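Trainee: Sequence:
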Amino acid sequence: MKQINLFLVILIAILALLPILLPDRFDDDIEYEFDAPVGLVYDEFYNLRQFSKWEQFTASDSLTVKKFSNTQEDDEISMIWDSDDAAIASGKIIIDNFSVNRFVNYTIKYDGWEKLDSLNVKFDQNENGKTVAKLKYLSQEIPYFYRYFAYFKNPESKFQKSLENLSSRVKIRLDKDKKEGRLNYGEFRIVELNRTNLLAIKKQSQFAETDVMSKVDASFETIYKSLMNKEEGGLDFDLGFPYIYFTDFNKEKDQITFFSGIQLIEDLPLQKNMQKVVVPGGEYLLTLHIGPRSKRNQTITRMSNYAQSKKIKLGVRQLEVMLNDPKETDSLKLMSRIYIPIIK
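First residue of the sequence shown: 1, per UniProt numbering; consecutive thereafter.
Calculated from the structure, these hints are not laboratory results.
Any given hint could be a false lead.
[To be verified] Taking lysine-lysine pairs in the DSSO-like style, the calculated list, with each CA pair at most 27 Å apart, reads:
| no. | residue 1 | residue 2 |
| --- | --- | --- |
| 1 | Lys251 | Lys179 |
| 2 | Lys276 | Lys179 |
| 3 | Lys122 | Lys251 |
| 4 | Lys158 | Lys53 |
| 5 | Lys171 | Lys333 |
| 6 | Lys215 | Lys203 |
| 7 | Lys333 | Lys215 |
| 8 | Lys202 | Lys276 |
| 9 | Lys276 | Lys310 |
Being a predicted model, the structure only gives us computed values, none of them experimental.
Can you make the complete structure from the sequences, with help from the hints?
Mentor: Quick look at the structure:
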């Protein structure tokens with residue numbers, strides 16, 4: 001009997017002291033590569049409705065109730081979940097910082113817990129067009145005796161399963177987007193571009209994008225006023241957004257030569273330094289630029305790196321098609337398609 005009592009005392013002592021040896025928080029670093037462009041992967045993390053479809057932390061309870069707040073009237077982008085399963089509990093995940101296609105930072109609040117967990121995700125695109133997501137998860141300090149449960153519920157396995165689900169999901173989305181002709185940020189495509197006729201004005205500027213865009217604005221304004229002047233028999237149709245055809249880059253003189261204007265759909269009159277410019281047809285490398293004009297060179301560099309990884313030789317000239325109004329759109333939301341000819 002004394003031996004049994006001694007054994008129980010030792011066992012209780014071990015159970016009481018063992019949490020000292022167990023981690024008091026989880027600090028997990030996980031890296032995962034997706035065979036998809038960075039814009040598509042980023043969207044899955046930033047859009048919490050999408051996020052909720054592949055994360056595995058609440059998946060074991062099909063009755064989990066989720067509510068989302070991400071409208072313009074809301075002060076935050078968040079998801080609240082509620083579950084009767086003790087292993088899932090209830091809580092709230094909030095996006096407290098982000099940079100488009102670069103990173104998303106979350107804070108996680110579990111009901112009944114005072115402190116917050118954090119999850120930070122960074123995105124990098126390889127030269128081959130694949131995206132690497134780097135996740136860093138840091139939990140709050142785990143209460144002493146709860147460390148037994150937490151030890152066997154280490155979130156790393158759920159992260160791995162979540163990312164595997166996401167990998168399958170983005171492949172399906174990418175195939176669907178390609179069939180619909182949608183281009184994602186960070187995606188590279190080899191396309192056949194038909195000969196394009198532009199009604200444009202020749203300009204020269206410094207390499208600085210601010211100087212380029214001021215000249216583009218001036219060209220577009222001239223063309224707009226000339227064609228829309230109804231008092232002088234102007235035409236009435238939508239000019240669309242600017243086309244920019246870069247033809248020469250002189251780094252020694254810090255000088256770029258380009259033509260900026262609109263697509264010539266019909267035989268429009270040439271006025272005030274306007275001229276017809278032909279962009280040759282053929283195979284082009286195409287990608288989508290999103291964000292400030294100051295980041296445009298980074299997009300061109302990624303195109304060059306991708307071409308080198310695929311042993312594709314690119315020409316010097318570039319055609320850029322704006323997809324929204326540079327004067328009316330927030331710089332973070334500016335979008336344009338960039339085409340660079342492929343030399344065979």
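Trainee: Tell me, which hint numbers fail for this structure?
Mentor: Result: hints 1, 2, 3, 9 break, sorted rising.
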